[in-house]
Amino acid sequence: MASDKVLQVNDAEFDALVKSDQPTLIDFWAPWCGPCKAIGPVIEDLAAEYEGKVTIAKMNVDDNPVTPGKFGIRAIPTLIIFKDGEVVDQITGSVGKSELIELIGKAG
Amino acid sequence: MEKKDHYELIILGGGPAGLSAGLYAARARLDHLLIEKGAPGGQVLLTDWVDNYPGFPEGLSGFDLVEKMTQHAKRFDLNMLTEEVTKVDLSDEKRKVLHLTGGDSISCDSLIICTGASANTLNVPGELELRGKGVSYCGTCDAPFYRNMHVAVVGGGNTAVQEANYLTKFASRVTIIHRRDELRATKIVQETAFANEKIDFIWNSQVTSIEGENGVERLNLVAKDGSTATLDVEGIFVLIGVTPNNDILPLDLLKAEKWGFIPTDIESRTAIPGVMAAGDICNKDVRQIVNAAGEGAVAVLAAENYLHSPK
Numbered sequence: 001m002a003s004d005k006v007l008q009v010n011d012a013e014f015d016a017l018v019k020s021d022q023p024t025l026i027d028f029w030a031p032w033c034g035p036c037k038a039i040g041p042v043i044e045d046l047a048a049e050y051e052g053k054v055t056i057a058k059m060n061v062d063d064n065p066v067t068p069g070k071f072g073i074r075a076i077p078t079l080i081i082f083k084d085g086e087v088v089d090q091i092t093g094s095v096g097k098s099e100l101i102e103l104i105g106k107a108g
Numbered sequence: 001m002e003k004k005d006h007y008e009l010i011i012l013g014g015g016p017a018g019l020s021a022g023l024y025a026a027r028a029r030l031d032h033l034l035i036e037k038g039a040p041g042g043q044v045l046l047t048d049w050v051d052n053y054p055g056f057p058e059g060l061s062g063f064d065l066v067e068k069m070t071q072h073a074k075r076f077d078l079n080m081l082t083e084e085v086t087k088v089d090l091s092d093e094k095r096k097v098l099h100l101t102g103g104d105s106i107s108c109d110s111l112i113i114c115t116g117a118s119a120n121t122l123n124v125p126g127e128l129e130l131r132g133k134g135v136s137y138c139g140t141c142d143a144p145f146y147r148n149m150h151v152a153v154v155g156g157g158n159t160a161v162q163e164a165n166y167l168t169k170f171a172s173r174v175t176i177i178h179r180r181d182e183l184r185a186t187k188i189v190q191e192t193a194f195a196n197e198k199i200d201f202i203w204n205s206q207v208t209s210i211e212g213e214n215g216v217e218r219l220n221l222v223a224k225d226g227s228t229a230t231l232d233v234e235g236i237f238v239l240i241g242v243t244p245n246n247d248i249l250p251l252d253l254l255k256a257e258k259w260g261f262i263p264t265d266i267e268s269r270t271a272i273p274g275v276m277a278a279g280d281i282c283n284k285d286v287r288q289i290v291n292a293a294g295e296g297a298v299a300v301l302a303a304e305n306y307l308h309s310p311k
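Chains as they are written, first to last, in the numbering used here: chain L, 1 to 108; chain F, 1 to 311.
If you are wondering where the hints come from, they were derived from the structure by calculation, not from laboratory data. All residues carry an ideal CB built from backbone N, CA and C; glycine is no exception. Take the hints with a grain of salt, since some may be wrong.
Stated by the list, open to error - With a cut-off of at most 25 Å between alpha-carbon atoms, the simulated BS3-like pairs for lysine-lysine come out as follows:
(1) L:K53 with L:K106
(2) L:K5 with F:K3
(3) L:K83 with L:K53
(4) F:K133 with L:K70
(5) L:K106 with F:K87
(6) L:K83 with F:K133
(7) F:K133 with L:K106
(8) F:K4 with F:K87
Stated by the list, open to error - Short derived list, chain L residues pointing at chain F, Cβ under 7 Å:
(9) G72
(10) G96
(11) S98
Claimed, not checked - Non-contacting residues of chain L with respect to chain F, defined by C-beta distances greater than 10 Å in every case (computed):
(12) F14
(13) K19
(14) N60
(15) D84
(16) G105
Start from the sequences and build out the full structure, keeping to the hints where you can.
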């Protein structure tokens, strides 16, 4: 299953992950959020397609209050693309695959 | 699932209209495919609680209703594909073509458009800049970020008032800003809001701009009489109706009305033979889950008639 490719990241692991050599896309989500659920299959597809090139991870904002607070996240899903630990760009809401590919491309 | 190049019937979109069409198409044993860009559900996934869908006397969450609709269609072998359609080409009536991300395309004899609608924006300064930082279009999604804060809800329809009620579970105060002097929401939804001590109202007013440094701090308002005011809030939920999801559709061929909704007849047929539309994409007054589902069923019957008629 493609879902094996999507990492679940927590507050403690976050810094090390986004500072790794690969660009990293983080999907900030929660189990009670409908649009988060709607983009779930798209995130799984992308994780499979970008394996070895871009790290794609999800962070549950219910379980991890520190990181979403640091980035001022007050709506989900919010997707942030990082390169060398820095925010390149971000997008909020239930967006399509093409918009996410465009977002990931900005870290290229 | 193995994908073919051509189907008798394609259903575009997996909200209530699309899932209902999928159920009817699967039971009719049509050679069908439902294409949805994400998980099925559409706007129902934005709804915390559904209390007006017949057959569920206790009510149920938007999640649960979608899950049940999906399971129901899958029980009859609904054929579903997760893909994003980038363009719908309806110039050849005999072969309707859908272009997919990545360059592939897929075609069909008959098409049911169930692409739905999305939340309208206010189009005021600050809205885009503060989106996700206090500006939200989904109370159900974002309410928990506003624990013990004062937030505003813009709108006076069912969605706005129901979401205001939901927000009071988290926020300390919810101010409904409405451009008229009375709500449009269903009476029972209004009664709950008027009885809720955490909800207050600003009538006959519109938001002119949203201000804040790193998040929403205040709203500037103008009233019908021209007077202005400011309101200090930490969040604003914009719930002022919907705009059709029609970017990928040939609006001229479908004879879309001025806001971009698609006109249909009583059998859900559009201006193009073999192309039906169902749900919130249609030009109509009532946008409820129950009539979207009804239209999905009607559209499949129209598709069957089209497929079986001599050409």
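Inset, instruction - Would you check whether the claim that L:D84 is not at the interface survives, using Cβ distances to chain F and the 10 Å cut-off? - result: 23 Å, holds
Inset, instruction - With 10 Å as the threshold, tell me whether L:F14 passes as away from chain F on beta-carbon distances. - result: L:F14 is indeed farther than 10 Å from all Cβ atoms of chain F, at 19 Å.
Legend entry - 25 Å Cα cutoff - pair L:K5, F:K3: Holds, because 23 Å separates the two Cα atoms, which is no more than 25 Å.
Legend entry - Agreement of F:K4 and F:K87 with the hint, judged by alpha carbon distance not exceeding 25 Å: 18 Å, holds
Inset, instruction - Decide if the proposed pair is consistent with the structure: L:K83 and F:K133, CA atoms, cutoff 25 Å inclusive. - result: 22 Å, holds
Legend entry - Beyond 10 Å from every chain F Cβ - status for L:K19: 23 Å, holds
Legend entry - Hint check: 7 Å Cβ-Cβ cutoff, L:G96 to chain F: Check passed: Cβ of L:G96 comes within 5 Å of chain F, closer than 7 Å.
Legend entry - chain F contact restraint for L:S98 - C-beta distance below 7 Å: It holds, given that the least Cβ distance between L:S98 and chain F is near 5 Å, below 7 Å.
Legend entry - 25 Å Cα cutoff - pair L:K106, F:K87: Status holds; Cα separation ~24 Å.
Legend entry - Given hint L:K106 paired with L:K53 - CA-CA distance at most 25 Å: 13 Å, holds
Legend entry - Beyond 10 Å from each Cβ of chain F, as asserted for L:N60: 12 Å, holds
Inset, instruction - Take a quick look at whether F:K133 and L:K70 sit within 25 Å of each other, Cα to Cα. - result: The hint holds at about 12 Å.
Violated hints: none; the structure is consistent with every hint.
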